[in-house]
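**Q** Listed below, chain by chain, are the residues.
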Amino acid sequence: MIDRDLFIHLVAGRELGGLDDAEAIELDRHLLGCATCAAEERAFDGTMAALALLAPAHHPPQSLQASIMTRIRAMTPVPDPAPSGPVAVIGGEGSTGRRWPCGHGRRP
Amino acid sequence: MRRIGERDERALEELVRRFKRPLYSLAYRVAGSDRFAEDVVQEVFVAVWRDANRYDPARGAVSSWLLTMTRFRGIDMLRRETGAKRRTVVVDLSLRAADDDVHEETWLRTRRETVRGALRELSEAQREAVTMAFFDGLTHVEVAEALAIPLGTAKSRIRLGLINLRTFLGESLSESVAAADGAGRER
Chain A
1 MIDRDLFIHL VAGRELGGLD DAEAIELDRH LLGCATCAAE ERAFDGTMAA
51 LALLAPAHHP PQSLQASIMT RIRAMTPVPD PAPSGPVAVI GGEGSTGRRW
101 PCGHGRRP
Chain B
1 MRRIGERDER ALEELVRRFK RPLYSLAYRV AGSDRFAEDV VQEVFVAVWR
51 DANRYDPARG AVSSWLLTMT RFRGIDMLRR ETGAKRRTVV VDLSLRAADD
101 DVHEETWLRT RRETVRGALR ELSEAQREAV TMAFFDGLTH VEVAEALAIP
151 LGTAKSRIRL GLINLRTFLG ESLSESVAAA DGAGRER
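Here the protein sequences line up with chains A and B, keeping their order.
Quick note: the first sequence uses my numbering, first residue 1, plus one each step.
Quick note: the second sequence uses my numbering, first residue 1, plus one each step.
Simulated from the structure, these hints should not be mistaken for laboratory data.
All of these numbers come straight from a predicted model, not from anything done at the bench.
Note that beta-carbon positions come from the ideal geometry of N, C-alpha and C, so glycine has one too.
Hints are all accurate, no fakes.
Here are some, though not all, of the chain B residues that point toward chain A, as calculated from beta-carbon distances under 7 Å:
1) Tyr28
2) Gln42
3) Leu162
One side of the interface only, derived from the structure: several residues of chain A facing chain B at Cβ under 7 Å:
4) Ile8
5) His9
6) Gly13
7) Glu15
8) Gly18
9) Ala52
10) Leu54
11) Ile68
Starting from the given sequences, assemble the full structure and let the hints guide the process.
**A** Rendered as structure tokens:
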């Protein structure tokens, strides 16, 4: 069992990538069995996110929102056409009807 | 996030509208150019669309998730594009409210002021070390080299700086997170 002060230091250290392997293993082992400390870790995540808000304001280009939505729509799977009858198919003629890609992003 | 997980484009559009400015500002600050910043923010929202079902509210607020992803991706992009060439200049953290966009949302303006206040409470040395590690993406070793201090001292300053920030922010953290996520809640 590591004491609270040491734990807090380890959590803070990990937030900015400052733990060595032994410290990381010790911290992970502790977090597995301590809900209180796991909650504390989430609070540090919140601290980091709060810090992120201090980036000086910089305006995104007007086109950013549209660019993002265009990319999103290009990822959207196109449903197979019904066997008969007129149907509205997203993507229209020539669509590849590709499937939804597997997600493999990470939870930071 | 549930609606986004159900492929509701309008829900994503709303999320983009709400968070594109703070994410873009962070991406620009970390990655250092408009081109990088735009790529980073696009990648973040593509990841949100792809992995929305992986978001676990128990692990933190949506705003925290987005900002953390943006920072990591910004640092990754900077490293990929610039290789070993790293910025080591301690840049102005812009503690002045004047830099804020007058049109930005109230929650963001309020939150920013709270965090600025907390950061002002840190010692100069801690603030410097934390901001270099956080915004410039420097490793602890690089922070130590840039400041010409022993690695142990750099580690200590960064850890204590974060601990103090956490303490100074205290309860306001959860309140502001709730405000930030307000529009993202399910209707």
